[in-house]
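Colleague: Given next are the chains, with one letter for each unit.
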Amino acid sequence: MSKKTILGILSLMGFLAILPAAADETAAKPTALPTVENRMITKLFNPGDKIFSISLGVEDPLFNINPNNEKMIKPKLSLGGSAELEWDFFVLPGFALGGQLGGAFNSTPASRTLFMVPITFKTTYFFASLPWEFPVGLGVGTCIDTVSDSTHVDLFFKPQAGVFYRATPDWSFGMNLSYWIIPQFYSAHPQQSRIANILGVTLSGLYHF
Amino acid sequence: MKKPNPVFACLVGLSALFLLAACTDNGTGIFAGIETETALSESYIPDASSPTGVVLFGSNLYVAAGNIYTKPLEGSSNWTVFSPSQIYSGWHIKKQNGVKWYEDKSGNVINCSGIATDGTRLYLEFTVVEGNHDGDSRGLWTWTEGATAGTEILDASGTRINAQGLFAPIKAFATDPSAIFVQAGVPNSSGGFTSYSLYQVPSSGYALDSTATTPALAQSIVDVTTDGTTYWFATSSAVYESASAGSLAATFSPAPSSSTIEGIYAVRGTIYLSSRDDEIYRFTIGTSTAWANHGSYRQSGSNTLPNIHGMIAANSYSTAVPMLLVGSTTHGYFEMILPDDGAEPTLGYLKQPNASSPSTISDVTNYDTNVYNSVVRRFYCINNGTTTDVYAAGIPYSSTYGGLWKLTAATGKWDRE
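Quick mapping for you: the protein sequence lines, in order, are chains A and B. Quick note on our numbering: the first sequence kicks off at 49 and runs consecutively. Quick note on our numbering: the second sequence kicks off at 12 and runs consecutively.
Hints listed in this document are in silico derivations from the structure and should not be mistaken for laboratory results. Here the structure is a predicted model, which is why all the values come from computation and not from measurement. Some clues are possibly wrong.
If you anchor each label on the Cβ, the simulated ranges turn out as follows [unchecked claim]:
1. A:215 - B:49: 46 to 54 Å
2. B:419 - A:122: 43 to 51 Å
3. A:199 - B:185: 36 to 44 Å
4. A:151 - B:241: 51 to 59 Å
5. A:247 - B:352: 55 to 63 Å
Straight-line Cα separation of at most 25 Å, BS3-like style, residue types lysine-lysine; simulated pairs [unchecked claim]:
6. A:122 - B:424
7. B:106 - B:116
8. B:424 - B:82
9. A:124 - B:424
Ideal placement from N, C-alpha and C gives every residue a C-beta, glycine not left out.
With the hints as constraints, model all of the structure from the sequences given.
Modeller: So this is what it looks like as structure tokens:
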């Protein structure tokens with residue numbers, strides 16, 4: 049992967065990070081409370097509202113980048129499974145801060161299992177055209193990676209976007225598409241450093257409270 | 012009291028995680044290591060087996076793993092199941108659903124549970140694992156390469172023995188055993204054994220020497236070692252010292268405190284005991300007055316040892332640093348660097364094999380994807396004429412492989428047999 053591509057990814061992440069600054073301008077502000085199943089939706093992403101979500105899905109390791117020579121390398125990992133729990137707290141209209149705890153696993157060619165546990169601090173902006181909701185967010189945190197006896201704690205970046213349908217006043221269901229960037233650096237063995245790039249897709253349920 | 016800001020709390024939490032998180036860095040990156048992985052080789056010796064012996068006899072390797080498996084030392088031929096009819100005409104290979112086992116004419120299932128060689132004859136221990144346990148298809152047999160029949164070795168009165176262990180102690184870094192011992196059990200009415208006797212196996216003739224039998228032992232011998240002159244025989248709670256099996260009554264003093272001895276190994280003037288109480292005991296011959304333990308040999312960076320099985324001395328990959336290999340009951344094995352003078356190891360920790368330091372291996376990922384996946388029960392050394400390869404016998408558990416693994420000395424890499 050070239051430096052330009054890396055810069056592009058970082059720019060996208062930067063854009064997502066500053067997106068909340070425009071929250072007041074773009075957040076859904078319905079003038080009348082909409083209804084679902086003849087019940088009024090009262091939780092409309094206003095400050096003080098909260099969301100808890102649970103997600104299950106798959107993730108596909110796309111490629112690794114060797115930062116020493118900037119070459120892309122096949123990661124040799126199978127399609128894996130993932131699960132996530134997330135809590136968000138709206139601090140501005142449409143804009144939430146929160147955290148996400150995840151877990152994922154992939155098989156290796158020798159039938160080992162790679163476990164990844166990402167723990168992220170997350171900013172999310174919810175575009176809404178009820179009953180449709182479109183969260184876009186960026187998670188930044190750490191990922192605990194383990195295979196056999198080796199464990200390494202790495203940085204973790206996860207831009208994410210989704211589409212949800214407010215099925216009831218309290219629940220939305222939909223899917224998320226995410227891109228995991230895991231820079232794994234070894235100061236004592238720099239030739240072993242890699243930046244993992246993983247695509248994730250999850251089905252999620254959001255509980256508004 | 013002021014309510015904590017949730018954003019601040021999240022940031023503090025993340026920072027704490029970074030500070031507290033520990034990395035286990037064995038010199039190979041997780042993602043970088045996986046890039047170099049290859050699929051495990053197909054195994055010919057079944058993963059569900061637990062080999063009890065590996066020997067080089069003539070130009071062929073032989074493995075006792077329920078069945079006897081054999082292949083030429085040289086070349087790329089695969090393992091084949093040795094036909095038991097070459098030992099006894101009434102025995103044959105039974106095959107069902109791709110699984111092969113030995114049976115006698117009466118349908119009793121026979122296991123080869125021990126194998127040893129003195130270079131002239133192959134010694135084979137057979138037990139009946141299903142069927143008539145007291146029948147003819149058991150005991151100690153000997154066979155020479157190319158022979159169409161084996162010969163049973165009986166006790167001095169001409170009676171078949173209940174062979175319960177075949178031991179061929181080899182002096183550390185040497186090739187051939189200086190003696191071979193067989194343990195016989197005295198059966199009780201409940202199918203077990205009331206006591207055990209140890210015999211030295213004769214290098215010629217077919218009768219065990221009655222004068223070489225030991226006084227009956229209440230516990231079975233689990234392992235034997237030698238420094239080339241003296242033998243040390245370990246039961247689960249005691250060590251016996253003798254120049255021969257005949258004077259085995261001489262209990263080694265002081266007694267180790269462990270009652271769960273798994274293995275014994277003498278190397279460079281020191282006897283090492285491995286035990287299931289998470290300890291290695293150490294005794295310097297002629298110097299020590301007590302067994303040393305209590306953490307001296309615990310794994311570096313850890314407060315506990317894995318339970319331990321077999322031990323063996325082997326040189327490290329690419330250099331001539333002598334290592335003691337200790338099998339673990341969790342994953343793979345550990346290494347200990349042995350000083351030339353037999354003194355307390357200065358790098359006296361058991362450590363995981365690591366390609367970046369004196370080690371038996373050259374590639375951590377290769378180790379992690381091979382023998383690491385096995386619980387190592389015993390090690391065996393085979394000199395291939397140039398270097399000495401190490402074989403590790405695994406025990407199958409629910410999440411680990413049994414079968415046989417080979418460390419090729421020339422490459423420092425493990426593979427599945």
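Colleague: If you draw a straight line from the CA of residue 424 of chain B to the CA of residue 82 of chain B, is it 25 Å or shorter?
Modeller: Distance of about 20 Å is within 25 Å: holds.
Colleague: Confirm or reject the claim that residue 247 of chain A and residue 352 of chain B have a C-beta distance inside 55 to 63 Å.
Modeller: Between residue 247 of chain A and residue 352 of chain B, where Cβ atoms are some 58 Å apart, the hint holds.
Colleague: Within 51 to 59 Å or not, the Cβ separation of residue 151 of chain A and residue 241 of chain B?
Modeller: holds (55 Å)
Colleague: I want to verify a distance hint. Is the separation of the beta carbons of residue 199 of chain A and residue 185 of chain B within 36 to 44 Å?
Modeller: Roughly 40 Å apart at Cβ, these two residues keep to the hinted range, so it holds.
Colleague: Holds or violated: residue 122 of chain A with residue 424 of chain B, Cα cutoff 25 Å?
Modeller: Cα-Cα ~23 Å, so holds.
Colleague: Do the Cβ positions of residue 215 of chain A and residue 49 of chain B conform to the proposed distance bound of 46 to 54 Å?
Modeller: For residue 49 of chain B against residue 215 of chain A, whose Cβ atoms are near 47 Å apart, the range 46 to 54 Å holds.
Colleague: Could you tell me whether the CB distance from residue 419 of chain B to residue 122 of chain A stays inside 43 to 51 Å?
Modeller: The hint (43 to 51 Å, Cβ to Cβ) is violated, given that residue 419 of chain B and residue 122 of chain A are roughly 27 Å apart.
Colleague: Check whether the Cα positions of residue 124 of chain A and residue 424 of chain B lie no farther apart than 25 Å.
Modeller: Holds - the C-alpha atoms of residue 424 of chain B and residue 124 of chain A are around 20 Å apart, at most 25 Å.
Colleague: For the pair supplied as a hint, residue 106 of chain B and residue 116 of chain B, is the alpha-carbon distance within the 25 Å limit?
Modeller: holds (15 Å)
Comparing the model with each earlier hint shows a violation of hint 2 alone; every other hint is respected.
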